[in-house]
Structure formats: structure tokens, C-alpha cells
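A.B. asks: Same order as they appear, the protein sequences are chains A and B.
Numbering that gives the first Met the number 0 puts the first residue of the first sequence at 0, with every later residue one more than the last.
Numbering that gives the first Met the number 0 puts the first residue of the second sequence at 0, with every later residue one more than the last.
No lab work stands behind these hints: they were computed from the structure.
Predicted, not measured: the structure shown is a model, and the values here were computed from it.
Glycine included, C-beta positions come from ideal geometry on N, C-alpha and C.
A couple of the hints might just be wrong.
Unchecked claim - Restraint-style ranges between C-beta atoms, simulated for each label pair: (1) B:Lys210 <-> A:Arg8: 24 to 34 Å; (2) A:Lys215 <-> B:Lys210: 50 to 60 Å; (3) A:Gln235 <-> B:Asn44: 25 to 35 Å; (4) B:Lys210 <-> A:Thr25: 45 to 55 Å.
Stated by the list, open to error - On the chain B side, residues computed to face chain A include the following (Cβ under 10 Å): (5) Lys21; (6) Ser111; (7) Asn115.
Stated by the list, open to error - Chain A stretches covered by chain B per the calculated footprint, using a threshold of three residues with CB under 8 Å from any CB of chain B: (8) 92-105; (9) 175-187.
Listed below, chain by chain, are the residues.
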Amino acid sequence: MSNLLVDVRELNLWYGKYKALDNINTSFTAGKCVVICGPSGSGKSSLLRCVNRLEEFQEGDVLFEGQSLRECTNIASLRSEIGMVFQHFELYPHMSILDNITLAPRYAKKKSKPDAEAHAYVLMERVGITDQALKYPAELSGGQQQRAAIARALALEPKLMLFDEPTSALDPEMIVEVLRVMRDLAMEGMAMLVVTHEMGFAREVSDEIIFMDEGKIIERKNTEDFFSNPNSKRVQDFLDRILVKI
Amino acid sequence: MDWNVIIVNLPFLMKGLWMSIKLAVLVICFAFPIACVMAVGRISNRLWIRYPSAIFVNIMRSNPLILIVFWFFFLVPILTGRPVGDFASVMIGFVVFFAAYFTEIIRSGIQSVGRNQIQAGLSTGLSYFQTMRMIVLPQALRNMIPALITECVIVFQGTTIAYVVGLREFLNSTFLVTERTLRPAELYIFAAIVYFIVCFAGSLLARQLEKRKVIT
Ligand SMILES: Nc1ncnc2c1ncn2[C@@H]1O[C@H](COP(=O)(O)OP(=O)(O)OP(=O)(O)O)[C@@H](O)[C@H]1O
Ligand SMILES: [Mg+2]
Numbered sequence: 000m001s002n003l004l005v006d007v008r009e010l011n012l013w014y015g016k017y018k019a020l021d022n023i024n025t026s027f028t029a030g031k032c033v034v035i036c037g038p039s040g041s042g043k044s045s046l047l048r049c050v051n052r053l054e055e056f057q058e059g060d061v062l063f064e065g066q067s068l069r070e071c072t073n074i075a076s077l078r079s080e081i082g083m084v085f086q087h088f089e090l091y092p093h094m095s096i097l098d099n100i101t102l103a104p105r106y107a108k109k110k111s112k113p114d115a116e117a118h119a120y121v122l123m124e125r126v127g128i129t130d131q132a133l134k135y136p137a138e139l140s141g142g143q144q145q146r147a148a149i150a151r152a153l154a155l156e157p158k159l160m161l162f163d164e165p166t167s168a169l170d171p172e173m174i175v176e177v178l179r180v181m182r183d184l185a186m187e188g189m190a191m192l193v194v195t196h197e198m199g200f201a202r203e204v205s206d207e208i209i210f211m212d213e214g215k216i217i218e219r220k221n222t223e224d225f226f227s228n229p230n231s232k233r234v235q236d237f238l239d240r241i242l243v244k245i
Numbered sequence: 000m001d002w003n004v005i006i007v008n009l010p011f012l013m014k015g016l017w018m019s020i021k022l023a024v025l026v027i028c029f030a031f032p033i034a035c036v037m038a039v040g041r042i043s044n045r046l047w048i049r050y051p052s053a054i055f056v057n058i059m060r061s062n063p064l065i066l067i068v069f070w071f072f073f074l075v076p077i078l079t080g081r082p083v084g085d086f087a088s089v090m091i092g093f094v095v096f097f098a099a100y101f102t103e104i105i106r107s108g109i110q111s112v113g114r115n116q117i118q119a120g121l122s123t124g125l126s127y128f129q130t131m132r133m134i135v136l137p138q139a140l141r142n143m144i145p146a147l148i149t150e151c152v153i154v155f156q157g158t159t160i161a162y163v164v165g166l167r168e169f170l171n172s173t174f175l176v177t178e179r180t181l182r183p184a185e186l187y188i189f190a191a192i193v194y195f196i197v198c199f200a201g202s203l204l205a206r207q208l209e210k211r212k213v214i215t
């Protein structure tokens, strides 16, 4: 239990009257990659966004390294330990890629500019976009933008990375390059929570898979078991539908 | 027509124009930062911030400018027992009035920047205020440049109201010269040309900046 990173306890989230998360109990350990899948509207993004309190949940709690998010008074500093990658990249269009990556290290983590930039170049090298450093997001391909967004999140030196459908806005040939970066990260032991429909990636890279429906976790299994013997009919149907597509 | 009357009185008229420009520039310089803060307040989740800004904006926008200048020129002295002065009451009246209009322009500019940009900023550990200042406002400003320039031109035209408290801005100066020379036709045509030039320059600038926005 010593490497418990995130502990979700009896979490309930409503949007107005609509219950988006229904009594979620689960936990995530350091060094593991967990994929979250499920039909549209099942609450995957909501769960992810509760982990760094971008969504203010009404009931229950999320503990990050034992620290209660509900009681946390300095949420910004807690968020700077968690990287997040969005479906539509959300790079800042008015800044160069380099500035996108160094912004939070400089202003949230108070790093000096030279330090932040040196680190940014290391990360850009790692995701393969060094040549794009001084360009603006609009000048990059979708795949390059998403890799830049990953570098921006990694610049926080996070303990956990959250990915919300990082490849679903990309053309097929660009999906591969982003998934490769994510796979390398997982191999290096980064704790990752990934919402994705890329079952190939899930199968190859993830340690565990969570299946959600209607705001509940229906099933959570080792990756191997999840594919070989899912016990609920809903998971089976979902897999049939999504695997046929591939 | 005797256009000589304009040449003879040009120094006096230009002094008035200078007063108009000074007023407009000062008003914009004060109203704009106030409006930035209020616009952020206007979209805040906290009701005790949001409601006061909303009330302020709506009161200002439902009154004519001239009435707000009168408040400071006539009402405030009655309440406080000392006169505000013509320049000060015009300045204060204009600043609060136009701050309200600028607030609405900036607010819609901010709302034109996606909610996800805010979330991206927050997710990296930047504070709400930092996210606004470094991520949202720069993008919002770029989107609203045309509307802002139009509003600045309106501020310039609005300076004519200063005339009601006897301040010698451009239109008031023109009026004084017509009284003296009895040549209203020439003078008012001249005034129209000057206002036209200023506004035309403004809209050219707006169009230019708008074009640039499309490219980047
Ligand atoms: N900000 C919001 N306000 C109101 N309802 C919301 C909001 N965000 C999400 N919802 C609703 O909550 C439910 C769960 O949303 P969520 O985005 O978590 O689903 P998801 O599993 O990520 O779906 P998708 O695969 O479409 O991204 C959906 O029905 C959605 O319409
Ligand atoms: Mg989603």
C-alpha cells in the first residue's frame, strides 16, 4: 500500500440534477498505467477531472498521496504535481511551443527562465519536436501539437499523468506517433490514467483496465483478464463493438 | 463661404481638439484597466464578486452619459459639500460610464476563449488569476480589438458631452468661434470633417488589425 497514489472514496458528482459519477471507489498506484474505457457519457472525463479537482465534486473525496482534495487549500500546488493532456491539445495559441512548455514551471513552480527552458528542450527532444520550439501551435500538425501538449504536462515533473482521449482528434497516421510517446512514458514507470478507445494501446501498454457505464465502474481487471474473460455482458458487448472496428 | 475664418481661428480650434484628444486618451487609459478587472468579476463563480460588477455595469449602461456627468458635477457636490470641478467631473463620469461598456466588450472577448483553455492553465497549477492574465486575456484582447477600437472612437465622439459643464473641448471651441464670427456653416463643416477623419482612421486601423487576426 506504500505506493498508493490516488485514492477515490465514495465519490459522487452531479451536474445540476444529473448524476455523472455514482459512488466511485477505486485507487491508483504509482508506476502503473490504467486505461479507462466505456460508452460516451459514462463519466470517464468527469472521473479524470475529479482527480485534479478541475471538477468540484459534491460528495466523497479523492486523496492524492494521502492529501484530501476536498480539504486542500492550495489546490494549485497540488495540480502542479499532476499533468493533464486534453483531447483538443489546448496549447496556448498566442505563445510559442517553448513558452507553452515553460509557462507553468516558471509561474507556478517558480523556476528560473534558463532552467525551465533547458528542461523544456530535454522534453521536446524526448517527444521529438525540438525543431518546432519557436513555432506557434497553429503551425504544427495535430500529432506534433499533442506531443507538445504532453511535453507541457511533463514539464511539471508530475507524479501522475491524466490523458483524456488524447488521440481521438487526430488523423490515423498521427495517432501512432502520440501513442508511441505515451507507451515510452509508461515503460519508464510514469503513473498514467488514460481515457481512450484505442484498445490496441490498452492491450499492449496498460496494466489494468476500468470499464465505466452510467457513472459507475462496472469492471476493473488486469489487462489480460479484461480481454480474455470479461465477466459482465456489457463489457463483452462493448468490446465486440469496438474491436470489430479495429 | 469664407474658409479664412478657420485658418484665423485654427490655433483656438486646435486647442479644443487637443482637449478632446486628451480627454479621450485619459478616459480610455483609466476605464480600460478598470474594465479588465470588472470583466473578470462579471464571469466569476463567486456571487459576491459577480453581482456588484453586474449591477454596476447595468446601472451605467441604462443611463445616458450626460446624466452621469451631471451626477458628479451637481449631485456629488451637494452630498459632499465641495465641488468636483468641471474637468474632474467629466473625467470621472466618462471613466465609470465607458468602463461599463468596455467591461461588456472584454467579457464577451473572454467568453470567446474556450473554457478548455482555462482548464488547461489551471491543470498545470497556475492560479485562476495567472490563467486569466497570461492565457485568457491576451487571446481575448486579440479577438476584441475591432470592437475596442470602435468603442474608443465612440469615447472620442462622447467627449462633446463635456461641453455641458463648460469644458472647452473641440465642439465647444467651434461653437464659441461661431458665436464670435457668425460663420456657422464653415465651422460646422470643418468640425464634421475633423470628426470624420478621426473615425475613419479608427475604422481603417480596426480593419487592418482584423485582417492580421485572420492570418495568425
Ligand atoms: N459541464 C457539464 N455540465 C453538465 N453536464 C455535463 C458536463 N460535463 C459532462 N456532463 C454530462 O455528464 C455526463 C458524463 O460526462 P463525461 O464527459 O464525464 O462523459 P465521458 O465518459 O467522458 O463521455 P465522452 O466519451 O463523450 O467524452 C454526460 O452525460 C455529459 O453530458
Ligand atoms: Mg470525455
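A.B. asks: If a hint holds in the structure, say so; if it doesn't, say that too.
C.D. replies: Status of the hints after comparison with the structure:
1. At roughly 55 Å, the beta-carbon separation of Lys210 of chain B and Arg8 of chain A lies outside the given 24 to 34 Å, and the hint is violated.
2. Between Lys215 of chain A and Lys210 of chain B the Cβ separation comes to about 52 Å, which falls inside the hinted range of 50 to 60 Å.
3. As the Cβ distance of Gln235 of chain A to Asn44 of chain B is approximately 42 Å, the hint placing it in 25 to 35 Å is violated.
4. Checked against the given bound of 45 to 55 Å, the beta carbons of Lys210 of chain B and Thr25 of chain A, roughly 52 Å apart, stay inside it.
5. The restraint placing Lys21 of chain B at the interface with chain A is violated, with a minimum CB-CB distance near 32 Å, outside the 10 Å limit.
6. A cut of 10 Å between beta carbons decides the hint on Ser111 of chain B: the least distance to chain A is about 12 Å, and the hint is violated.
7. For Asn115 of chain B, the suggested interface contact is upheld, since its CB lies about 5 Å from the closest CB of chain A, less than 10 Å.
8. Here's how the region 92-105 of chain A fares: 4 of its residues keep a CB closer than 8 Å to some CB of chain B, so the rule of at least three is met and the hint holds.
9. For the region 175-187 of chain A, the stated coverage by chain B is not satisfied: 0 residues place a CB nearer than 8 Å to a CB of that chain, which falls below the threshold of 3.
In terms of the numbered hints stated before, the structure departs from hints 1, 3, 5, 6 and 9, listed from lowest to highest.
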